[in-house]
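S.K.: In case you want the letters, here they are:
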Amino acid sequence: MHVKVELWMSMGKALGEGFQSPSEMVSRIGMSVEEGTTLKKLFDRLAEKYPPIAGKIFDRKKEDFYPNLTVLVTSEGRIQSFLDIPDINGRILKDGDQIKVLPLYAGG
Amino acid sequence: MVNLSVSGYTGKILRVDLSKKRIWVEAIDEKTAQKWVGGVGFGAKYLYAEVPPGTQWSDPGNRLIWTTGPLSGTGVMGAATFNVCTKGPMTNLAGSSQANGFFGAYLKFSGFDGIIFEGRSANLVYLWIKEGKAEIRDANHLSGKDVWEVEDQLRKELGVRERDVSIFGIGPAGENRAYFAAIVGDRGHVAAHNGVGAVMGAKNLKAVVVDKGKRNIAIHDPERLKEKIKELFEFAKNFGVFYKWGTGGGFSTIYSLGSLPVKNYTTNIYPEHEKMNGQYMREHFKTRPAPCFLCGISHIREVTVTEGPYTGFVGEEPEYEQLAAWGPQIGNTDLGAVVMLTKEVDKLGLDCNESGWVVGWAMECFEKGIFTKKETDGLELTWGNVEAVRTLLNRIARREGYLGNLLANGVMRASQKIGGKAADWAIYAGKGVTPRGHDHRGRWSELFDGCVTNTSTIESSSGGYHPQLVDMPPVTDPFSHEEVSTLNANFNGIRQFDDCMGTCRLASSSPKLVLECFNAVTGRNWTLKDAFTVGKRIVNQLRVFNLRHGLKIEEERPSTRYGSIPIDGPTQGKNIMEKWPWMVENYYRLMGWDANGKPLPETLEKLDLIDLIEDLRGLR
Chain A
1 MHVKVELWMS
11 MGKALGEGFQ
21 SPSEMVSRIG
31 MSVEEGTTLK
41 KLFDRLAEKY
51 PPIAGKIFDR
61 KKEDFYPNLT
71 VLVTSEGRIQ
81 SFLDIPDING
91 RILKDGDQIK
101 VLPLYAGG
Chain B
1 MVNLSVSGYT
11 GKILRVDLSK
21 KRIWVEAIDE
31 KTAQKWVGGV
41 GFGAKYLYAE
51 VPPGTQWSDP
61 GNRLIWTTGP
71 LSGTGVMGAA
81 TFNVCTKGPM
91 TNLAGSSQAN
101 GFFGAYLKFS
111 GFDGIIFEGR
121 SANLVYLWIK
131 EGKAEIRDAN
141 HLSGKDVWEV
151 EDQLRKELGV
161 RERDVSIFGI
171 GPAGENRAYF
181 AAIVGDRGHV
191 AAHNGVGAVM
201 GAKNLKAVVV
211 DKGKRNIAIH
221 DPERLKEKIK
231 ELFEFAKNFG
241 VFYKWGTGGG
251 FSTIYSLGSL
261 PVKNYTTNIY
271 PEHEKMNGQY
281 MREHFKTRPA
291 PCFLCGISHI
301 REVTVTEGPY
311 TGFVGEEPEY
321 EQLAAWGPQI
331 GNTDLGAVVM
341 LTKEVDKLGL
351 DCNESGWVVG
361 WAMECFEKGI
371 FTKKETDGLE
381 LTWGNVEAVR
391 TLLNRIARRE
401 GYLGNLLANG
411 VMRASQKIGG
421 KAADWAIYAG
431 KGVTPRGHDH
441 RGRWSELFDG
451 CVTNTSTIES
461 SSGGYHPQLV
471 DMPPVTDPFS
481 HEEVSTLNAN
491 FNGIRQFDDC
501 MGTCRLASSS
511 PKLVLECFNA
521 VTGRNWTLKD
531 AFTVGKRIVN
541 QLRVFNLRHG
551 LKIEEERPST
561 RYGSIPIDGP
571 TQGKNIMEKW
581 PWMVENYYRL
591 MGWDANGKPL
601 PETLEKLDLI
611 DLIEDLRGLR
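Order-wise, the sequence lines are chains A and B. Taken in order, the first sequence gives residues 1 to 108; the numbers are from my numbering. Taken in order, the second sequence gives residues 1 to 620; the numbers are from my numbering.
It should be emphasised that the hints constitute simulated quantities derived from the structure, not laboratory data. Misleading hints may appear alongside valid ones.
[Stated by the list, open to error] Residues on chain B that point at chain A, a partial pick, calculated with CB under 8 Å:
#1 D138
#2 H141
#3 K237
#4 G240
#5 Y243
#6 G420
#7 Q468
[Claimed, not checked] Subject to a maximum C-alpha distance of 35 Å in a straight line, what follows is the list of computed DSBU-like cross-link-like pairs (lysine-lysine):
#8 K212/B <-> K275/B
#9 K156/B <-> K56/A
#10 K40/A <-> K275/B
#11 K133/B <-> K56/A
#12 K574/B <-> K94/A
#13 K40/A <-> K20/B
#14 K21/B <-> K62/A
#15 K133/B <-> K21/B
#16 K61/A <-> K529/B
[As the list claims (entries may be wrong)] Over 12 Å on every C-beta distance to chain B, these chain A residues come out as not near it, computed from the model:
#17 H2
#18 F19
#19 V26
#20 G30
#21 P51
#22 P52
#23 T74
#24 R78
#25 I79
#26 K94
#27 K100
Computed from a predicted model, the values in this text were never measured in an experiment. Ideal Cβ positions, reconstructed from N, Cα and C, are used throughout, including at glycine.
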């Protein structure tokens, strides 16, 4: 099963290997995950490999996203789930899901 | 005159009767400061007391109320915001709008917490304020000039440098009473909503100039304030993307959320967004900081275009709403053209939001054959034709030609006049309220807020709701009819308290820390509950004002297009209208209003608005 992760967190090239960062603002990665993977499991895995994600997006100690983030899951370009503080245990990912992490206050 | 003993205020309001060319000073008493705090609170108090039902927005009897807040000029970052409150033409109901820059701080340093204009001058005038005194001066030589020219001319005449004074005024749009004329100053700061610039034009008031002043503002606990300012700065730096990329930094994330307006809401697909956002601008164009008064966040910059047909053009960096209006909403993909149109709309003194809706609607009408070159007087009004847009904006501001005059009354009135299918394509909230520059079909909180508001713009929300900032449970589903309607009511109040402070919401993004600054300045010991009470008092005062001035609750709904279902993009298929009547009914109930949207006597009593109970009797 394949999912895509898109981080609008101004992390740029700090993430390094695996991520594509066409600009400092956005970083993207495609990943293969097992059936039944939750958002929590996915981000725990990412945070383990990428320290900037552990420092800014997912707190591994608390097993939770940091506050003041918006996390949304889209499928075929449409928003399926939109969570300021995600129900990370409840959300099981599906093939083709795209997960976007945005700053809470998105401007304007 | 009794001196107000609470720190953070000058205790004086400058009164200006433009008909009689009379100026006097009025004291603010303790009770007023306690009950209404400042900013929009003072505006709501004076507007209600002095503008009786039957007064039209353009009547000399209407008031134009400019007020600062207790934090203006205290050293809180960017705290130079002032609030404008009046009865405005877009809704012919109450309107409240804020502008940043320097004015709020300079006015207090010159000895006043606010200015109230009444009457109508026989000739065009400006007001000059210095060292506790004010003078009405002739401005006939400024007639027809844009806001930049007015600033240049007045500084030259007064022999002052750029930051020696703060100047806010109107351009051709205000003089010609375009319904969405704004008040613009300090090189691109704008009080935009509900045609406050048209009210200024109706009073024949071209500009207000205030000297930077010399007075200190008394602060109850300077050490505590210093500490809280530091905390507020750290919070704001890390809240969102403003510090690094300006409000344009949110452009692409707003696209991800399905909230970017594209071609008058006919689609939500705009793949060019990554070349139109704040980061692209700061990395590819030349920019330099142009901060507001004492602001370390400094999200505003001057920009020089370095790519495309407008290379070399210098203007203010477009904020998110200008990027949305002059990019996707009109089908444009050239960022340099956005800089050009941003400066144009500000110079003319127009609200960029309504300008975007009205131009986008006219473009759709042109595409679909409702307007031809006959109606446009030769303009090829195709999507993305930015030079045609520039010409059209100038015609609107001067009410020139058939289309310029039609569109100058705003998109609601223009579309109603044209009628037929075109009437369904206009984007507005039913009372005539202009939505801010998003596709709110992807931000339900703001769509709902804009329809039930009493301020003529967002009242409860601010970029959606963030209830965790005031210790409430966070949003779980922003597309839940139940959650949106309930949160709109529960969260309502704190943002109006914000608008009493004289601070900028971007530099002061934590309501709790703003409250702590307020307590440090004034010596009060208010809680969040107290702040909510003040905010809800303002909302209810304006609600009763609006009801007495003809508010129709059946108009508290979006226009057909504004409330339509997106056909593509991230929010495809989401339908806020499915439960609209229930949402309104639930909201009224939670606000303590009856089924007709009238505040119940017990609600008004609880908010110390007992006098309003009698005023409401007899209204349906």
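S.K.: Could you tell me which of the hints above the structure violates, numbers in ascending order?
M.R.: 1, 2, 3, 5, 6, 8, 9, 11, 13, 14, 19, 23, 24, 25 and 27
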